[in-house]
Every structure is written in structure tokens, then in C-alpha cells.
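Enquirer: Full structure from sequences and hints, please.
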Amino acid sequence: MVLSDNDLQAIVLTVKLASLVTVILFITGTPIAWWLARTQSRWKGILGAVVALPLVLPPSVLGFYLLLAMGPDGPLGHFTQAIGIEPLPFSFEGLVFASVFYSLPFMVQPVQNAFEAIGDRPLEVAATLRASPLNAFFTVALPLALPGFMTAGILTFAHTVGEFGVVLMIGGNIPGTTRVASVQIYDHVEAMEYSEAHRLAAIMLIFSFLVLLAVYAWRPGSKRK
Amino acid sequence: MKALKSLLLSALLLNTPNAFADKILIAAASDLKFALDEIAAAFKKANPLDTIEIVYGSSGKFFTQIQQNAPYDLYFSADIAFPEKLAKDGFASSDVVTYGYGRIVLWSTSVDASKLTLQDLTDSSFSRIAIANPQHAPYGKRAEEALRSTGTWHLVEPKLVYGENIAHTAQFVQTKNAQAGIIALSLALTPELAQQGGYYLIPDSLHEPLEQGYIITKRASDNLLAKHFVSYFETAPVRALMIRYGFTLPKEK
Chain A
1 MVLSDNDLQA IVLTVKLASL VTVILFITGT PIAWWLARTQ SRWKGILGAV
51 VALPLVLPPS VLGFYLLLAM GPDGPLGHFT QAIGIEPLPF SFEGLVFASV
101 FYSLPFMVQP VQNAFEAIGD RPLEVAATLR ASPLNAFFTV ALPLALPGFM
151 TAGILTFAHT VGEFGVVLMI GGNIPGTTRV ASVQIYDHVE AMEYSEAHRL
201 AAIMLIFSFL VLLAVYAWRP GSKRK
Chain B
226 MKALKSLLLS ALLLNTPNAF ADKILIAAAS DLKFALDEIA AAFKKANPLD
276 TIEIVYGSSG KFFTQIQQNA PYDLYFSADI AFPEKLAKDG FASSDVVTYG
326 YGRIVLWSTS VDASKLTLQD LTDSSFSRIA IANPQHAPYG KRAEEALRST
376 GTWHLVEPKL VYGENIAHTA QFVQTKNAQA GIIALSLALT PELAQQGGYY
426 LIPDSLHEPL EQGYIITKRA SDNLLAKHFV SYFETAPVRA LMIRYGFTLP
476 KEK
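Protein sequence lines, in the order shown, are assigned to chains A and B.
Going by our numbering, the first sequence opens with residue 1, and the numbers climb by one from there.
Going by our numbering, the second sequence opens with residue 226, and the numbers climb by one from there.
You may find that some hints are simply not true.
Quick list of in silico lysine to any residue cross-link-like pairs, SDA-like style, CA-CA up to 25 Å [said to hold, decoys possible]:
1) B:384 with A:7
2) B:286 with A:174
3) B:384 with A:69
4) B:286 with A:182
5) B:384 with A:211
6) B:384 with A:83
7) B:401 with A:175
Short derived list, chain A residues pointing at chain B, Cβ under 10 Å [as the list claims (entries may be wrong)]:
8) 88
9) 190
10) 193
11) 195
Here are some chain A residues the structure puts well away from chain B; computed CB gaps all over 10 Å [stated by the list, open to error]:
12) 31
13) 41
14) 93
15) 135
16) 201
17) 202
18) 207
Keep in mind the hints are simulated off the structure, nothing from the lab.
Everything numeric in this text was worked out from a predicted model, so none of it was measured.
Even glycine gets a Cβ: it sits at the ideal position worked out from N, Cα and C.
Expert: The following block contains the structure:
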């Protein structure tokens, strides 16, 4: 199976995008998941719904609003202009920004479930042993929620790899910058290069299956409570 | 009273299966969006019983779909090569007919493009320029040819962003995410877009002709409405409308 330079470039870009988005979401998604798991606030429902929105929103909706918001006349565009950086559409940073939104529920929901499964008891015990809340979080909650983090990380990575609609709408299809693997496959199909499309598509298919296999194989281990 | 009568009559007709009422589904290139919508509306006015549905998208996508027996009765492509290939492979029930020649324009909503030429795109004030994807969009291919003919391609290429089809390309310019773009004249002439900045007509000597053709598909071989609709394209009002939307018609050539 021989891939062209363009195909390889698209794969490298995709892996780079998915890795970066996963790391960013580990950092930003964890506090959100923790808050959602522990809070009694009446805002919980609203934040939970906002986090889950990308699950039901078509990527075209997200892509359309991001294109408007990030343009020179949009609020985000005003902001990026004010701090003197390039507008976000057509840039790798723009894809990262959009993908963080897009993949948010895939990080937050499994982690939130894992935090909720721990319950109050272990944290109360930690408190009686004079652990500070921060200390208890890092030494008790995080290790117990590890399987949830693994699932969340794998799903976030895989979902970002599979992203297509948003990239197509705001990416501008620039080789090496915004042309990810899913868009490259689309281009091959549109240009009727079916054998090239097959090669790349087969890789995506096998990759996706292996990812799901990893997630499902993890399940039995995560049952301990 | 007369209105009531015609209302009752139409209600009666709508509820009665009518041997003459027919239905077609058209797959059409994005550059036809506004022209074909207007033509279909005029046709419907004259033939209120008929149903005409139109799907717009990239010519290449429809080509693939028709090969997979998609339920389109008519296929209006922006590049005549697609219907020609379909006809050769037995997917057409009519000859391939040229319905017009498209033109490309330089368009912008950030500056007055009517005062620009392709050479100006090399200026550093244009950091992003949108064209349709030359890999599969006919208008993108012609845009690339025009840039190459003027010798500006290698300077402009690093600034290019690629729209999925010509409507998507116009969107990049319309939202000002790209300062300029090369789009179809037929889109630049629509009232909504024409209000948002001028255009520069790119000389057609700089690129291969954008010959656009249609076919009646194999599945519509018995569909009278499909034949009726394409013959409507030969009438004077439709020819005038196509010219108004910037198409050059075959017999003028």
C-alpha cells in the first residue's frame, strides 16, 4: 500500500490536530467534568446541555457560525485583530479551536461519569486524613477515575480524527495546514481518484475499528467500583 | 368570485390524480443556483401542475452519484466533460447539449474589485484569496488557468484557500474571511451579491472555455416533463435570462 506525499501530509496533520486537541481537552475538560460531577448548582443542567450540544448539532451549524464569528466582522475576528494575530479560518489554529468545541463532550462525559462513580466516600475519607481538596483530587479522585480518562482520551482523539464538516467549512482545504485526512479522501472521491480514496479510507476504517476495540476491551476492567 | 373559482378548481385538480402532472428532480451545478431557480419559477407559473425540484452542488459529486443510479432526471453540469462521459457510459437518454458558457470574475467585498486586475492579487494587502478547488470544480480549474496565464500563479498560490464548490468559495469572500476570490459571473450578478462590491471580468482568453452541458438521464427516458423543461431552455425569455446572469449562449458564439 503506497501513499502519496499529499496523503501522508494529510495523515500527519490529522494526527497532529487530534493529539493537540486531546491534550487541550484533558486540561480544560477535566475541571468542567469535575464541577459537573460534584456540583448541586442549578447551572449544572445548563452547562451540561452546552457541553453536549456538539453531539446533536450538525457540523455545518458549527462551521457556519465559526466562519461568521472568526471573520473580520465577527466577535472572534475583532478579538484576533485586536491582539494582532491572523484570522482563524484557513489556519491550523482555527481547526484546533473548532475541534476543541466539537470534541468537548467526548472528553467531558466519560470523565464526569468516572468522577460520579467514585462517590463522596473516598473523598470524605481523604479529608479525615487531612488531605486538602486539591491533594484529595490528585491522589484519590484522579487515580480512581483513570479508566474514564483513558476512554475519554481515546474517544476524543478518534472523534477529532474523524472530523470533516467543520474543517470543510472553515478550513479552506490548504495542503499541510488545513487539509486533514477526511477532506483528502473527499477530494479523491470528487476527483474520481477512487483507488487513492480507497487506500486512505481503508486506513481510516481499520484505525477506527482498532480504537473502538480498545475502548470496548477496556470496559470490563473499568467495572470495579 | 373568479379567484374563488380558480382556487376551488386548483384544489380539485391537486386532489385528483392527473395524467398530465409530472415531476422531475434536477441536479445542477452551484453556478446555476440563481439563474435556474428563476427559470424553474417561470416554468412553474406556466405549468402549475408540474413539480420541479432542484439540488445544487458540485458537478463532480453529481457525476459520481448518477453513475450510482441516483434518482436525478436532468443533470446540468458546469463542465461538459462530465455529461459527455456519462453519455458515453450509457447513463443518458439524450444527446449532450451545451446550454451556455460560464465566465469567471474577480470579486471582493473588502475592496472595489472592478478596479482590480489579476496582477493586483500579488499585492501584500491580499493575504487570503479564495478559488474553488481546481481538483474537481470546473470554475476552480479555470481560475487556476487564468492565474497561470498571467504568470501570477506562483505568487498567489501560497495565499489561496479552496472552496468546495463555487458557492462555498463566494461564501469565503462574502464573510470577508478572504479579501478576494475568483467566482462565477452568474453568482456575482445576483442582486444580493452585486450589492456587496464590484467585480472584474477576467478575459476569457486567459483560460479554456467553461463549456457547460446538460443531459436527460437514462431513468428519465420516458419523462415528458424532462423533455418539456429542456426545450423551454430554447425559448427567448430563458435565453434572455441566461444572458442576464452572465452566460454566453452557444448560438452567439
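Enquirer: Taking the shortest Cβ-to-Cβ distance between residue 135 of chain A and chain B, state whether it exceeds 10 Å.
Expert: Consistent with the label, residue 135 of chain A stays out of reach of chain B, its closest Cβ about 47 Å off (over 10 Å).
Enquirer: How about residue 190 of chain A: closest beta carbon in chain B under 10 Å, or not?
Expert: holds (4 Å)
Enquirer: With 10 Å as the threshold, tell me whether residue 207 of chain A passes as away from chain B on beta-carbon distances.
Expert: Per Cβ check, residue 207 of chain A is outside 10 Å of chain B; nearest 24 Å; holds.
Enquirer: Grab the minimum C-beta distance from residue 195 of chain A to chain B and call the hint holds if it beats 10 Å, violated otherwise.
Expert: Residue 195 of chain A check fails; min Cβ-Cβ to chain B is 14 Å, beyond 10 Å.
Enquirer: Between residue 384 of chain B and residue 211 of chain A, does the CA-CA distance stay at or below 25 Å?
Expert: Roughly 36 Å separates the two Cα atoms, so the pair is violated.
Enquirer: When you check the alpha-carbon spacing of residue 384 of chain B and residue 83 of chain A, does it fall within 25 Å?
Expert: holds (22 Å)
Enquirer: Restraint: residue 88 of chain A near chain B, CB-CB cut 10 Å. Satisfied or not?
Expert: holds (9 Å)
Enquirer: Does the alpha-carbon distance linking residue 384 of chain B and residue 7 of chain A stay inside the 25 Å limit?
Expert: holds (21 Å)
Enquirer: Are residue 286 of chain B and residue 182 of chain A close enough, with their CA atoms no more than 25 Å apart?
Expert: Answer holds: residue 286 of chain B to residue 182 of chain A is near 16 Å, not above 25 Å.
Enquirer: Residue 401 of chain B and residue 175 of chain A: Cα distance at most 25 Å?
Expert: holds (21 Å)
Enquirer: Does residue 93 of chain A sit more than 10 Å from chain B, CB to CB?
Expert: At about 14 Å from chain B, residue 93 of chain A clears the 10 Å cut-off, so the statement holds.
Enquirer: Min Cβ distance, residue 193 of chain A to chain B: is it shorter than 10 Å?
Expert: holds (9 Å)
Of the numbered hints listed earlier, those contradicted by the structure are 5 and 11.
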